[in-house]
Amino acid sequence: MMNEKRLVSIQTLCSHYNIEISFVDALNQMGLIHIEIIEQNHYVHQDQISDLEKIIRLHNELNMNLEGIDVVFNLLEKERKLRNELNVLRNRLKLYEND
Numbered sequence: 279m280m281n282e283k284r285l286v287s288i289q290t291l292c293s294h295y296n297i298e299i300s301f302v303d304a305l306n307q308m309g310l311i312h313i314e315i316i317e318q319n320h321y322v323h324q325d326q327i328s329d330l331e332k333i334i335r336l337h338n339e340l341n342m343n344l345e346g347i348d349v350v351f352n353l354l355e356k357e358r359k360l361r362n363e364l365n366v367l368r369n370r371l372k373l374y375e376n377d
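All residue numbers for the sequence shown refer to our numbering, where the first residue is 279 and numbers rise by one.
Note that these hints are calculated values from the structure, not bench results. It is possible that part of the hints are untrue.
Cross-link-like lysine-lysine pairs, in silico, DSBU-like; alpha carbons within 35 Å at most [unchecked claim]:
no., residue 1, residue 2
1, Lys-283, Lys-372
2, Lys-359, Lys-332
3, Lys-283, Lys-332
4, Lys-372, Lys-356
5, Lys-356, Lys-332
6, Lys-356, Lys-283
7, Lys-372, Lys-359
Given only the sequences and the hints, what does the whole structure look like? Please build it.
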C-alpha cells in the first residue's frame with residue numbers, strides 16, 4: 279500500500295489550485311490521474327501533482343477541454359516511450375560499432 283504521507287487530499291488540492299472536486303473526479307474517470315480512497319477520504323499521490331498542474335494550465339490557459347488534454351497526455355506518453363526505445367537502440371548500436 280502507498281505510504282499515506284505521500285498522499286494529498288483532494289480537498290486540499292482543490293482549495294490550493296482553485297478547482298472543483300468534479301474536475302478532479304473527471305480526470306480520474308479519464309485515467310489522467312489516479313484517486314486513492316482511504317476510509318472514504320479521497321487522495322492523489324504527490325507524484326501526480328506535476329501532471330495535475332500541467333492539466334490545470336492546459337485547461338485554464340489554453341481553454342483545452344478534457345478530451346484534448348487526454349490526447350496531449352497520450353501523445354506525450356508515446357513520445358516518451360519512443361525516446362526510450364531510441365536510446366536503447368542507440369546503445370545497442372554503439373556496442374556493435376565498438377567491435
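Consistency of the hints with the structure:
no., hint, verdict
1, Lys-283 with Lys-372, "43 Å, violated"
2, Lys-359 with Lys-332, "19 Å, holds"
3, Lys-283 with Lys-332, "23 Å, holds"
4, Lys-372 with Lys-356, "24 Å, holds"
5, Lys-356 with Lys-332, "17 Å, holds"
6, Lys-356 with Lys-283, "31 Å, holds"
7, Lys-372 with Lys-359, "20 Å, holds"
Checked against the numbered hints above, the structure violates only hint 1.
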